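*Asks:* Here's the letter readout for the chains.
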Amino acid sequence: MQSKLILVQRKKEKQRLLVLLVLAVLLTAGCLIFTGLGVIKIPPWEIARIIFSSLTADGTALAGLDDIHRAVILEIRLPRILTAILVGAGLATAGAVFQGLLMNPLADPYTLGVSTGAAFGAALAIFFGIFLPGGLGMLTVPLFALAGALLALGAVYGLALVNGTLAVTNLILAGVIVSAILSAAISFLKSMAGEGVGSIVFWLMGSFASRGWHHVFLCLLPVLAGLLICCYYADDLNVLSLGSNAARQLGVDDGKVITILLVTCSLITAACVSVSGIVGFVGLIVPHLMRMLVGPDHRILIPVSAVGGALLLSGADTIARNLLATEIPVGVLTTLLGGPFFCYIFKMRAKRQMF
Amino acid sequence: MEKTVLIKTDNLTLCYGKHPALQTVSLDIREGGFYGVLGPNGSGKTTLINVMCGVLKPSAGRVFWQGRELRFYRRRHIARSFAVVPQDCSINFPFTVLEVVMMGRKPHLGRLGRLTDEDLGIVYSCMEHCGVLDYAEKAVTSLSGGERQRVILARALAQTPQVLFLDEATSNLDISHKIDLLKLIRRLNTGQGVTVIAALHDLNLAGMFCDYFIYMEKGQVACEGPGDLVFNEKVIKQIFNVQVEIDKHPVTGRYHLTLLPDSG
Chain A
1 MQSKLILVQR KKEKQRLLVL LVLAVLLTAG CLIFTGLGVI KIPPWEIARI IFSSLTADGT
61 ALAGLDDIHR AVILEIRLPR ILTAILVGAG LATAGAVFQG LLMNPLADPY TLGVSTGAAF
121 GAALAIFFGI FLPGGLGMLT VPLFALAGAL LALGAVYGLA LVNGTLAVTN LILAGVIVSA
181 ILSAAISFLK SMAGEGVGSI VFWLMGSFAS RGWHHVFLCL LPVLAGLLIC CYYADDLNVL
241 SLGSNAARQL GVDDGKVITI LLVTCSLITA ACVSVSGIVG FVGLIVPHLM RMLVGPDHRI
301 LIPVSAVGGA LLLSGADTIA RNLLATEIPV GVLTTLLGGP FFCYIFKMRA KRQMF
Chain B
1 MEKTVLIKTD NLTLCYGKHP ALQTVSLDIR EGGFYGVLGP NGSGKTTLIN VMCGVLKPSA
61 GRVFWQGREL RFYRRRHIAR SFAVVPQDCS INFPFTVLEV VMMGRKPHLG RLGRLTDEDL
121 GIVYSCMEHC GVLDYAEKAV TSLSGGERQR VILARALAQT PQVLFLDEAT SNLDISHKID
181 LLKLIRRLNT GQGVTVIAAL HDLNLAGMFC DYFIYMEKGQ VACEGPGDLV FNEKVIKQIF
241 NVQVEIDKHP VTGRYHLTLL PDSG
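Residue numbers (our numbering), protein chains in the order written: chain A, 1 to 355; chain B, 1 to 264.
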């Protein structure tokens with residue numbers, strides 16, 4: 001009997017790794033296929049060769065390939081897809097962690113007001129037509145968004161910190177308050193912007209249009225490092241998702257781990273929002289979908305969510321730029337397609353559990 | 001012969017704002033004892049338990065664990081020796097019962113928290129003890145209160161603690177589950193020498209299972225000692241302001257308490 005339990009547990013561990021592996025393969029394949037879709041269609045094997053040759057700086061692998069194809073892939077599509085992958089991974093990771101930490105399935109990366117801060121920063125830059133000097137010009141709006149996100153984050157923590165401890169309810173409340181104030185400020189900017197209101201609104205909806213390598217590099221480090229930190233603390237997060245007291249009784253230094261994870265995920269979110277604008281839904285729904293697939297154990301939930309979010313958002317972006325003659329904002333698309341899908345799954349599950 | 005002192009508290013005081021929840025509490029907890037912490041609502045039972053097990057820091061005073069101050073131990077270290085079963089065990093996420101009990105091994109594991117076969121063996125026997133093996137793969141969110149309480153007890157036992165704290169752990173259970181749970185804990189106490197410190201509401205249950213009693217009143221220890229000295233009509237009248245009659249069962253040697261509501 002006892003050995004049966006051990007076998008069952010080991011089998012479950014293997015199955016979870018398998019899910020992660022399958023998703024990773026899907027993401028790689030998806031990445032090659034998505035990059036090929038567009039006005040110029042390029043087959044996946046050609047894309048693989050182009051990427052391989054530029055990674056190894058091996059010119060011979062390029063023999064017989066179109067130079068235009070190469071430029072389209074390397075300069076336009078690949079950075080855009082990679083930005084979508086990083087943002088999808090980052091938002092889904094942050095969402096999974098926030099839901100666990102705040103013990104609230106409604107939490108998402110935007111609960112603490114980070115996104116509103118970013119939006120305010122971006123709106124300021126667009127409103128005043130600010131353009132940073134030198135090589136930073138291209139990154140003016142993202143950097144303003146990042147600064148706005150960090151300031152909002154600082155304000156929320158400052159408000160929520162009482163006698164040196166962070167209480168979860170205080171954090172949510174502080175996030176709501178700071179968000180509300182900043183939203184009003186954004187509305188004010190929009191109402192004053194006149195003709196310029198369009199570009200503010202468009203930024204707010206979130207998009208990966210004309211994202212380049214500088215966008216990739218801006219969010220690469222926060223997302224990857226953040227993901228590693230979250231995985232490192234995933235086992236502690238499991239215990240924390242049962243409550244602070246339970247965590248302490250099981251030997252977790254709750255104050256330290258909560259602070260590290262909240263700051264990490266807020267930084268991930270800030271970096272993501274600053275390059276993509278506010279893409280809704282991914283951070284809320286992907287963790288839920290993945291929890292249905294692999295269960296609530298964060299050691300597997302976090303990496304699986306990251307890969308799932310990356311897959312979802314890069315796929316959605318591909319549809320967004322190919323479906324209609326004009327591009328659909330990707331945030332709108334993720335919610336329009338993903339929302340009903342989630343409703344369906346949710347309903348089926350609720351039914352199954354009742355009988 | 002006197003048993004060794006495991007936990008010693010020295011003038012513990014804890015204030016929530018200005019209101020003192022604990023005041024100058026000094027106690028000795030000896031190895032292998034089954035302690036009942038009794039007292040009316042708001043008398044500081046839960047606070048005392050939480051300070052003794054290191055979850056709350058006292059505003060003043062000290063807690064010693066095996067002769068060394070508790071605050072010098074790392075949390076992980078404490079969790080290898082102390083386990084707590086709280087009153088409210090609601091869990092928001094659909095972890096399976098097995099996953100929840102496995103968390104009890106966490107203080108003994110490395111960073112990635114992978115359980116060895118030996119750890120899983122301990123988990124198995126704890127689940128067997130608490131009668132939760134049958135729903136090992138069920139989501140803990142789908143269980144009834146009594147089942148969930150036994151799962152949490154199994155998790156606490158999986159910590160292989162030397163001291164088990166129960167904070168009103170049985171108050172949400174019906175009478176048969178209450179007795180089952182306490183019998184189980186009693187067996188651990190007599191069989192494996194686990195020291196038990198239980199905050200209890202039900203005086204009858206306390207009389208049936210505990211050997212030593214600590215009465216709390218307004219954050220202070222009003223009275224403490226072995227049952228023969230302090231589990232009597234006079235003390236209970238003084239602390240709870242109810243008239244009772246206490247008999248000692250001739251065979252089991254346990255106390256039995258009858259409420260006399262009209263003679264007050």
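Since the hints were derived computationally from the structure, they do not count as laboratory data. Nothing here was measured: the structure is a model prediction, and the numbers come from that model. Be aware that one or more of the hints could be misleading.
[As the list claims (entries may be wrong)] In silico lysine to aspartate or glutamate, EDC-like type, Cα no more than 16 Å apart, as pairs:
| id | chain 1 | residue 1 | chain 2 | residue 2 |
| --- | --- | --- | --- | --- |
| 1 | B | Lys18 | B | Glu31 |
| 2 | A | Lys4 | B | Asp202 |
| 3 | A | Lys4 | B | Glu233 |
| 4 | B | Lys218 | B | Glu233 |
| 5 | B | Lys8 | B | Glu224 |
| 6 | A | Lys4 | B | Glu128 |
| 7 | A | Lys4 | B | Glu224 |
| 8 | A | Lys4 | B | Asp117 |
| 9 | A | Lys11 | B | Asp117 |
| 10 | B | Lys57 | A | Asp253 |
| 11 | A | Lys12 | B | Asp117 |
| 12 | A | Lys4 | B | Asp119 |
| 13 | A | Lys12 | B | Glu128 |
*Asks:* So, for every hint listed, does it hold in this structure?
*Replies:* The hints, checked one at a time:
no., hint, verdict
1, B:Lys18 <-> B:Glu31, "violated (35 Å)"
2, A:Lys4 <-> B:Asp202, "violated (40 Å)"
3, A:Lys4 <-> B:Glu233, "violated (53 Å)"
4, B:Lys218 <-> B:Glu233, "violated (20 Å)"
5, B:Lys8 <-> B:Glu224, "holds (14 Å)"
6, A:Lys4 <-> B:Glu128, "holds (13 Å)"
7, A:Lys4 <-> B:Glu224, "violated (47 Å)"
8, A:Lys4 <-> B:Asp117, "holds (11 Å)"
9, A:Lys11 <-> B:Asp117, "holds (13 Å)"
10, B:Lys57 <-> A:Asp253, "holds (13 Å)"
11, A:Lys12 <-> B:Asp117, "holds (14 Å)"
12, A:Lys4 <-> B:Asp119, "holds (14 Å)"
13, A:Lys12 <-> B:Glu128, "violated (21 Å)"
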